[in-house]
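A.B. asks: Given the structure of chain G, go ahead and fit chain Z onto it with the hints provided.
Protein chains: 2
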Amino acid sequence: MLLGDNPATLLFDGLYLEHLRESIAMQYYFNGFKPGDPTDFRERGHRLVTPLLADLPEAVDVLIVGCGPAGLVLAAQLARFADIRTRIVERKSGPIMKGQADGISGRSIEIFQALGFEERVQKEAHFLEAITFWRHDTERPENIVRVTKKIDGRNVFSQFHHVVLNQARVHHFLLDAMRKAPAQLVPDYCRNLLDMQVGDSDDNYPVRVMIERTDPDHEGQKETVAARYVVGCDGARSTVRQLLNLEMRGDSANKVWGVMDLLLVTDFPDIRNKSIIQSANEGNVLIIPREGGHLVRFYVEMDKLKESERVSSRNITVDKLIAAAGRILHPYTIDVKEVVWWSVYEIGQRLCDAFANISPEDADSGQPNVFIVGDACHTHSPKAGLGMNVSMHDSFNLGWKLASVIRGHSSPELLHTYAGERRAIAEELLAFDRELATMFSEQEVAGAKERENGPVATKLQEYMVKADAYVSGTLTHYAPSQITVESGHQHLARGLEPGKRFYSSPVVRLSDARPIHLGHALEADGRWRIIAFSNPEDPTDSLSAIWKLADFLEKASESPIRKYTPAGGDVDSVIEFLVVFQQGSRDINMQDVHAFMSPPKGAYRLRDYNKLFCPDLDNGDDIFDKRGIDREGCIVITRPDQHVASVLPLDGYETLATFFDGTMIPQNK
Amino acid sequence: MLLGDNPATLLFDGLYLEHLRESIAMQYYFNGFKPGDPTDFRERGHRLVTPLLADLPEAVDVLIVGCGPAGLVLAAQLARFADIRTRIVERKSGPIMKGQADGISGRSIEIFQALGFEERVQKEAHFLEAITFWRHDTERPENIVRVTKKIDGRNVFSQFHHVVLNQARVHHFLLDAMRKAPAQLVPDYCRNLLDMQVGDSDDNYPVRVMIERTDPDHEGQKETVAARYVVGCDGARSTVRQLLNLEMRGDSANKVWGVMDLLLVTDFPDIRNKSIIQSANEGNVLIIPREGGHLVRFYVEMDKLKESERVSSRNITVDKLIAAAGRILHPYTIDVKEVVWWSVYEIGQRLCDAFANISPEDADSGQPNVFIVGDACHTHSPKAGLGMNVSMHDSFNLGWKLASVIRGHSSPELLHTYAGERRAIAEELLAFDRELATMFSEQEVAGAKERENGPVATKLQEYMVKADAYVSGTLTHYAPSQITVESGHQHLARGLEPGKRFYSSPVVRLSDARPIHLGHALEADGRWRIIAFSNPEDPTDSLSAIWKLADFLEKASESPIRKYTPAGGDVDSVIEFLVVFQQGSRDINMQDVHAFMSPPKGAYRLRDYNKLFCPDLDNGDDIFDKRGIDREGCIVITRPDQHVASVLPLDGYETLATFFDGTMIPQNK
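Those sequence lines, one after another, are chains G and Z. Note that the numbering used here numbers the first sequence so that position 362 is 362, with each residue one more than the last. Note that the numbering used here numbers the second sequence so that position 554 is 554, with each residue one more than the last.
Same shape as in the complex, but just chain G:
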């Protein structure tokens, strides 16, 4: 279904293993797990103190319910706008300290990069480099033997590798980003959502939310908040979803999995590699080594346990999980020294019909102002490590749209595209998860071929390897809409498809000859980008196509930059114009290209030279080749969430002029 759906794969040769070199081999949790920053001895062993709890304001632009990954990514995105009043409420009394999800896909790290803190994740995380498959020995089926050890190819799909890290640390980085951002946002803990009423959409703050405090000094105290928008990031048992009378549909609890984070001694040789172990009669285990060099996560498939252990999850103890894992790993042994965290999952594939209080199909009746995100609208198994990632991608899709509407740059109709785009992604996710779950528990009888040649790859193994592209999160492909337009010029940028995220490639910044990733210039700051890939003409020639494009964008009355930038705002504050030349960085004088490419900005009218790039010819990385950009050049419009919106020819002024009219509000009335 999803695999092979990647026509640009040929362009993506084994790039960018290099970034791994940067990273440090941090070791910690040696003498036991301690929550918090592993490098900060002030935090070791201390439970973080619940912050001082402020009162909620009477009215906010956005009220986020729930401090999970979806809620925090949304909060981190909105906190970048000082002119948006956001609050995030949470039932718990403070941040989580351990456990839960741990897989972080390449695309998620790209988003962290856009939010400004990916280097912290890369420093602490464990990198999943190798994957091993183990099956029962056909000669001695009570033993397991390694079938394959394979270097994981995931980072061919992104400049960032797939890593694993405690969800609590991801939360911590997001909380830091929120707190440091212009809006200086901190969560409001100890808050239970009681009720919600959606009023007249003519009202500036149409959603009224009733909340109860649970902190000791204010227990039972009620608060009422009026909000322009409410976003339910409150998990699989979402109160926001229930208050909207929306239901989850699908299979419930068809599989039971035990999960535990352990410190242990073992002679199993792949304990530091991702390992999939299918025993003959004792069930299956998935091993995920974790950050710090010693911690390891075990997923134990419970419905493959012996009859005697086949009990409801309520009776499962961690000792039973450990015993089962030990039997599955035979002849290897495990000696568990500390159970850091454990849980039992009973989660099926479920999906909510609607992702907002008004669905795109009902757009005639108005625009949505209550949304649900992440586990609140889709649940699935934890096996592929996708839950936290897809939830964060949901809210990264929604965040810039809310910001753009609240700031008056886009009309509220834009908000329908959240459900339009993300519900389709959730459907794909559930289909993937069903397929994977089936394969994972499938028990193939060793055939004649296997007895002759030794163990061979199972279907699961083949599937897992192919599935890497999907798990990396980079196959997400939004359908055409007002903000994703197939213009018929795809041949001009074969590796940059509308609907997919802009796949970064190295370039050199003209001003200082620094090799950087072009994609890293696409910060999560709410801005659209017009990225012009120039043709071979001399860009300092005023008759060149790139000069004329700059002239159009600067001066023409139809220029979207003129039309949609508020008076008094920096010229790049709504739509940023970036240029990639074909010449090397030694061959162009940055003062001689069109001055609109490095426009004066800010209080001092300093010129911004950070918008001009060249291919990294010295290192053999020509972005034109890597991303299939035609030598006659083109324009790539990217959305504020880094997804490609459209590909146009360099002189496609008319289409460029009208592209933004679908959703944006002219500012220079």
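A portion of the hints provided could be inaccurate.
Because identical chains cannot be distinguished in the list, a pair is counted as satisfied if it fits within a single copy or across any two copies.
Below are the BS3-like pairs computed for lysine-lysine, each with C-alpha atoms no more than 25 Å apart in a straight line [to be verified]: (1) K98 / K180; (2) K180 / K548; (3) K180 / K123; (4) K98 / K548; (5) K123 / K601; (6) K337 / K601; (7) K601 / K548; (8) K337 / K500; (9) K123 / K548; (10) K337 / K149; (11) K34 / K337; (12) K500 / K548; (13) K98 / K601; (14) K123 / K98.
Simulated from the structure, these hints should not be mistaken for lab results. Owing to the predicted nature of the structure, the values given are computational and were not obtained by experimental measurement.
C.D. replies: Just chain Z now, kept in the frame of chain G:
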């Protein structure tokens, strides 16, 4: 003198541009300079508050005087040992906010990596990629023209590139590292050193220091601290040096330079590149672009100004500096919008005879307990950007030695090697600076050849390019001593010379197939390392040389690991044993090699699998080739400051057994 002194250069082909790809193009200071973390809006525009000032204790192990780069690196190093009582006192009322040094060499970033925060520097810093040379136009000598634009080759000497960043930010990272470390060290501000007496060395705390407080609530209050060791990191006018009656010798103030950090608008095309500009008659300017994309530093040579500006530095104003810079850049113009910081340097090449109260030559009379470090014992011009770097390297040399003596691992004689090693480095530095200063102000008359062929490279240009190796800080080569032994086996590791720092190279960690830098495993944690490069034998064979070496280290009574590790300490707590195999990571089962290579440690006796490495064959990086390691294998002993101590054959047990006897104290009495 120093150039060409790099016999292993041939091994160092253009490695590791890749790490640049990782970094982000951060932009800030657009609307004016703000001190503090540029990503933290809570700090913007606020002066950091002076922390609460605690009383000094009566006795400490180490008292550091001065919170400059030398003092802070020493403090960050010592703070990693919870069992050492360190305090650092500072005359100022809080951390510096701007100005001063900005160049950070590759070797300094290696040290930051060893201290745990190099990724923060790399994220914020500006990377000096290109260097341009400008001279007067021979046709129109009132104008300058570009002679050359060259991509800077500095990072061929280190895995880290030369960068520039405000000294205040470097301090901030060091202060963070101190505060987060096990000793949780914070500076004691508002402290003036008044007097110091060095008493009987039989006394546990022989140095008595008198300090006066200057904070408003305690102004004039005196404190007396007894210290085992005092380290003067108090700059060119060092009080510690004066109290030791030591004098600086050399040229004083033979050149005057103006320096300013500016936000400006200009049409000079290389404003974002390091640029050296030699005008015909108006003097010379060195331009260093800085972090954030807009800030730029100008060094203006004052004694090349016109007669009318030739005044003492006391009369120089920033307006005069700006006017001079403008004339030198003609026909380009500068329009300065903000002067962030400026200063005038009148510094000559000066060196102190002694670096401690007892010099190595007087070792018969006892061991030193007062040291001076950095500018307190050597000063020179700021042109090569070496001052901050060499000062930090001074204290990185001293830190582990103090720690080892205080913790009872080494005898106090070790401390003589600080002056022995670092005074020679300071002499080299001053020679380099004299040569560079002469060339920099040399004004060559354009010759006939130049008129024919256009401008040609000057001697300065040739020298600057060659000098990159020196400026990278990686040529430092300590002379033979008890801790640096030329054993006659250098052919076994041609790229890893005793006395030079261990030059890192990529490897793959066996346990998880992760590509990492081997050098990054050499943390600044006070540990010596025995790094064994294996031969091609099967390492799981108990007859192999590497197995026998592990057996020797684990069991022999002469094993330095047995001899020098305190009872009850982890087996790797004093000397760590690391192994690099020749086989690829798929070809070795980590459970089948000698168990001493992944020893049980800590409260849980977890096995530490982070000590086993393989060549990175998949990426074409074979450390044996890159570092000239003989295929018959060898042992490389590295010091706690990452310098290579000795190279031995794999079976050189006897030399290995005796190597540590020179300075270390047996623990298993």
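A.B. asks: Compare the structure with each hint and give your call.
C.D. replies: So, going through the hints one by one against the coordinates:
When the C-alpha separation of K98 and K180 is checked against a cutoff of 25 Å, the pair qualifies both within a copy, at 23 Å, and between copies, at 21 Å. When the C-alpha separation of K180 and K548 is checked against a cutoff of 25 Å, the pair qualifies neither within a copy, at 40 Å, nor between copies, at 54 Å. In the homo-oligomer, the alpha carbons of K180 and K123 lie at most 25 Å apart both inside one protomer (20 Å) and across protomers (16 Å), since each shortest distance falls under that limit. With identical chains, the CA atoms of K98 and K548 are never at most 25 Å apart, being 56 Å at best within one copy and 42 Å at best between copies.
Taking CA atoms no more than 25 Å apart as the test, K123 paired with K601 passes between copies only; the shortest distance there is 23 Å, against 34 Å inside one copy. In the homo-oligomer, the alpha carbons of K337 and K601 lie at most 25 Å apart only across protomers (13 Å), although the nearest pairing inside one protomer, at 59 Å, exceeds that limit. In this assembly of identical chains, the alpha carbons of K601 and K548 lie at most 25 Å apart only when taken from the same copy (22 Å versus 67 Å across copies). Taking the closest pair of Cα atoms, K337 and K500 never come within 25 Å of each other, the shortest separation being 45 Å inside a single copy and 42 Å across copies.
In this assembly of identical chains, the alpha carbons of K123 and K548 never lie at most 25 Å apart, being 44 Å within a copy and 35 Å across copies at closest. For the identical chains of this complex, K337 and K149 are neighbours neither inside a copy (27 Å) nor across copies (60 Å), given an alpha-carbon limit of 25 Å. Within a single copy, K34 and K337 get their C-alpha atoms as close as 14 Å, which meets the 25 Å cut-off; across copies the closest is 49 Å, which misses it. Proximity of K500 and K548 under a CA criterion of 25 Å is satisfied in neither setting, with 28 Å inside one chain copy and 56 Å between copies.
With identical chains, the CA atoms of K98 and K601 are at most 25 Å apart between copies only, with a shortest distance of 24 Å across copies and 44 Å within one. For the homomeric pair K123 and K98, the shortest alpha-carbon distance inside one copy (18 Å) is at most 25 Å, but the shortest distance between copies (28 Å) is not.
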